[in-house]
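A.B. asks: Take these sequences, add in the hints, and give me the full structure.
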Amino acid sequence: MTQTFDRRTILKAGLGASAGLMVTGRVNSSLAQSPVRLTMAVWGGKAEVEAYNQVIAKYQAANPNVSIRLDVIPFGQFYQQLDTRLAGRQAPDLFRVTYQQVGRYALGKAAIDLSQFIDSGYSAAFTPSVWSAVNYQDKPYALPHHTDTFALFYNADMLAQAGVTVPTSLDQAWTWERFIQVAKLLKEKSIGSYPFAMSWQNSAVHRWMIYLYQHGGQLLNNDLTAPQINTPAGIETIAWTQSWFKEGLVPPSTSVKSAEPVQNLFANGTVAMMLNGNWQIPFVNQQMTKFKWGVTYLPRDVAMADDLGGTCVAISRDSKNPEVAADFLKFLVNEENMRDYISAAQFLPVRKSLVEGGVQYALRPDEMKVFVEQTKTIPQHLVSTVVLPTWGKFNPKLADELDLAFTSGQSPEQTAQNIEAHVKNILLSS
Amino acid sequence: MADLSMTYPKERSETTTSRKSGWWSSYRSRLTPYLFIAPNLLLFSIFVFFPLLYAAYISVHQWSLIDAPEFNGVQNYTRLLSDGQFWQSLTNTVIYSAATVPTSLILGLFLAIGLNRKLAARTLLRSIYFLPVVVSSVATAVIAAWLFNDNYGIINALLKQAGVGPVAWLSSPRWALPSIILTTLWVRIGFCMVVYLAALQSISPSYYEAAVIDGATRPQQFRFVTWPLLRPTTFLLLILNVIYSFQVFDLIYVMTGGGPGFSTTMIVQYIYQAAFASSEMGYASAMGMVLFVLILLFTLIQWRINRRTEQFV
Numbered sequence: 001m002t003q004t005f006d007r008r009t010i011l012k013a014g015l016g017a018s019a020g021l022m023v024t025g026r027v028n029s030s031l032a033q034s035p036v037r038l039t040m041a042v043w044g045g046k047a048e049v050e051a052y053n054q055v056i057a058k059y060q061a062a063n064p065n066v067s068i069r070l071d072v073i074p075f076g077q078f079y080q081q082l083d084t085r086l087a088g089r090q091a092p093d094l095f096r097v098t099y100q101q102v103g104r105y106a107l108g109k110a111a112i113d114l115s116q117f118i119d120s121g122y123s124a125a126f127t128p129s130v131w132s133a134v135n136y137q138d139k140p141y142a143l144p145h146h147t148d149t150f151a152l153f154y155n156a157d158m159l160a161q162a163g164v165t166v167p168t169s170l171d172q173a174w175t176w177e178r179f180i181q182v183a184k185l186l187k188e189k190s191i192g193s194y195p196f197a198m199s200w201q202n203s204a205v206h207r208w209m210i211y212l213y214q215h216g217g218q219l220l221n222n223d224l225t226a227p228q229i230n231t232p233a234g235i236e237t238i239a240w241t242q243s244w245f246k247e248g249l250v251p252p253s254t255s256v257k258s259a260e261p262v263q264n265l266f267a268n269g270t271v272a273m274m275l276n277g278n279w280q281i282p283f284v285n286q287q288m289t290k291f292k293w294g295v296t297y298l299p300r301d302v303a304m305a306d307d308l309g310g311t312c313v314a315i316s317r318d319s320k321n322p323e324v325a326a327d328f329l330k331f332l333v334n335e336e337n338m339r340d341y342i343s344a345a346q347f348l349p350v351r352k353s354l355v356e357g358g359v360q361y362a363l364r365p366d367e368m369k370v371f372v373e374q375t376k377t378i379p380q381h382l383v384s385t386v387v388l389p390t391w392g393k394f395n396p397k398l399a400d401e402l403d404l405a406f407t408s409g410q411s412p413e414q415t416a417q418n419i420e421a422h423v424k425n426i427l428l429s430s
Numbered sequence: 001m002a003d004l005s006m007t008y009p010k011e012r013s014e015t016t017t018s019r020k021s022g023w024w025s026s027y028r029s030r031l032t033p034y035l036f037i038a039p040n041l042l043l044f045s046i047f048v049f050f051p052l053l054y055a056a057y058i059s060v061h062q063w064s065l066i067d068a069p070e071f072n073g074v075q076n077y078t079r080l081l082s083d084g085q086f087w088q089s090l091t092n093t094v095i096y097s098a099a100t101v102p103t104s105l106i107l108g109l110f111l112a113i114g115l116n117r118k119l120a121a122r123t124l125l126r127s128i129y130f131l132p133v134v135v136s137s138v139a140t141a142v143i144a145a146w147l148f149n150d151n152y153g154i155i156n157a158l159l160k161q162a163g164v165g166p167v168a169w170l171s172s173p174r175w176a177l178p179s180i181i182l183t184t185l186w187v188r189i190g191f192c193m194v195v196y197l198a199a200l201q202s203i204s205p206s207y208y209e210a211a212v213i214d215g216a217t218r219p220q221q222f223r224f225v226t227w228p229l230l231r232p233t234t235f236l237l238l239i240l241n242v243i244y245s246f247q248v249f250d251l252i253y254v255m256t257g258g259g260p261g262f263s264t265t266m267i268v269q270y271i272y273q274a275a276f277a278s279s280e281m282g283y284a285s286a287m288g289m290v291l292f293v294l295i296l297l298f299t300l301i302q303w304r305i306n307r308r309t310e311q312f313v
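Those protein sequence lines, which keep their order, are chains A and B. Numbering-wise, the working numbering puts 12 at position 12 of the first sequence, and it's gapless, one number per residue. Numbering-wise, the working numbering puts 155 at position 155 of the second sequence, and it's gapless, one number per residue.
Worth flagging that the hints you see were computed from the coordinates, not collected in a lab. Possibly wrong hints are sitting among the right ones.
[Unchecked claim] Output of the computed footprint for chain B on chain A, the stretches with three or more beta carbons under 8 Å from beta carbons of chain B:
| # | region |
| --- | --- |
| 1 | 104–118 |
| 2 | 263–271 |
| 3 | 394–407 |
Every residue, glycine too, gets a C-beta built ideally from N, C-alpha and C.
C.D. replies: The structure is reproduced here in structure tokens:
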């Protein structure tokens, strides 16, 4: 995919960037001596790709000898393609990666240690949870770019028809009981084909852990050395999410191993509520033309909890110009460019200054505030669990076993036992 | 012809130059066939033979693609024996093959016989049946996934009109595999039909004329003329269909992703998951080698049976 810019836009961007960079002294003049070509692999929707291209255009305008090609790969094939290119020693210079995957690339030495390119106080600018997520053995292997999280999208027309009002502050978030009451009410009144759907398809089964933590459970023990899923909290969470399918509260096609795009079901009115991330706002805003909609807080149980989403950017071991790649990477995540990117693509900031100062979103700013508030509920233990280098080996088994529980009637006890056995094996072998 | 071939080397050997030429001629005649097959052999080696050898090498290693392979002996193979999911996917593959191979052969043959006759719009009908074969299998799978979609699929919409359903075609373990099998048949019948049609048209009408003179009825003509003469084609289609069925991937990947549960997880799907979702390239290669041996054994057995039957005939 390519993006073209007219000469005037590039000139303006270049002048603006040059002025800004001269003030902050960020341009390393020695890096711009000879022509350098970089490749950056990403996935993303239209808004994200445009936002990446704008930063690239700014950097190229300030560094005329550097050209950067953006490789846009569908998310479903992204890691497969990246790993294959790494195996063939032909990986892109830079690559986008979720926080859940950084550990794997650090462990396999596929991403390089970035501490050689950053000052000692560099990390202080980022929120602690995401900075810890990009570190492996106390060394950063990627730089945080943005985060995202989950909330409850609702069809305002359908909820009004059912006479339901939604919480307007985090401390008033629905309890699990209230959420299920609302879902059952919608089902009884036949409003929408199904009351709700959850976005945890396409290898995103880690989002199931939102509910596990809300119910007081954990996948691993406190020091991350042993499984802790086969507990009353774990089994009850499996049973609760299984009941969504048993009682017909969610479409059967939305289990964890399906490929059903949940946002389509929400946009066309098949489901009245959708548990999904902030990056869906541009899609819903464009596609949901027949209904009014809004976003409210995730339901809660004994605790509030949400998912650590978002991505960072790493430099591959195959990069022939790691210094230039690092210079671009720091440019990409500087305050100004991070603000531009997240406001254009509807993400959440990971720089403390932007978190504290706030970001002006052009699209649905009120709904974005809900997501910003939800980030306060992400448990640190959940972050530590999903950024383990072995997470990639837990993930498929978690999907297999939960799918069996949701679609094939496997008991919650058996599901918890199977997950526990697998996690124990992986932890022992690693 | 026999005389020429005997005198040619003798005449060429009468001078020194002709001796050289004779040496070259003799080698040239031996080399020529190899030169003809060389491009194909080269491509086969690059894309099939060397990857096969490399897969065998990787199958005795632990490798995540992004780090260096570590030798682990036969551990990957011994692990297969106790991996319930491997046996489940192998069982699913056998069930899928047993449902799709004979059905597509039989229905393809019936269609070919029907469309070999003079019918109105015969060419159009042949094109309609063959169309799914020429369309990309991923496109076919996407179309099928839409048709079978639980929430907005046309099949459930029609069932709703008839007061039935909705049926969870792709999201219930009961219906997911039958939906995949129906989609496979949609594609595979057209392929079998075209191959059988070509074979039917190559049978000389004189055999049928002789059979009619001998008083053979239509079923007898089919049994004693058509079917024996179609045997090589049937053998070819059987082998190809079994290989296709054992290697099915794209339909499953697009339509169900192997779910719900493991109900549509086939062996290649499981290999893909091990390689790219769990990053266990060594284990995936070991499963790949087992699949290779299974298909090879099946082909050899069928080939042996076919040769014996031909000798008997």
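A.B. asks: Each hint should be assessed against the structure and marked as holding or not.
C.D. replies: Here is how each hint holds up against the structure:
Counting residues of the region 104–118 of chain A whose beta carbon lies closer than 8 Å to any beta carbon of chain B gives 6, which reaches the threshold of three, so the coverage claim holds. Against chain B, the region 263–271 of chain A contributes 3 residues with a C-beta closer than 8 Å to a partner C-beta. That satisfies the three-residue criterion, and the hint holds. Chain B is given as covering the region 394–407 of chain A, and this holds because 7 residues of the stretch bring a CB closer than 8 Å to a CB of that chain, at least three being needed.
No hint from the list above goes unmet by this structure.
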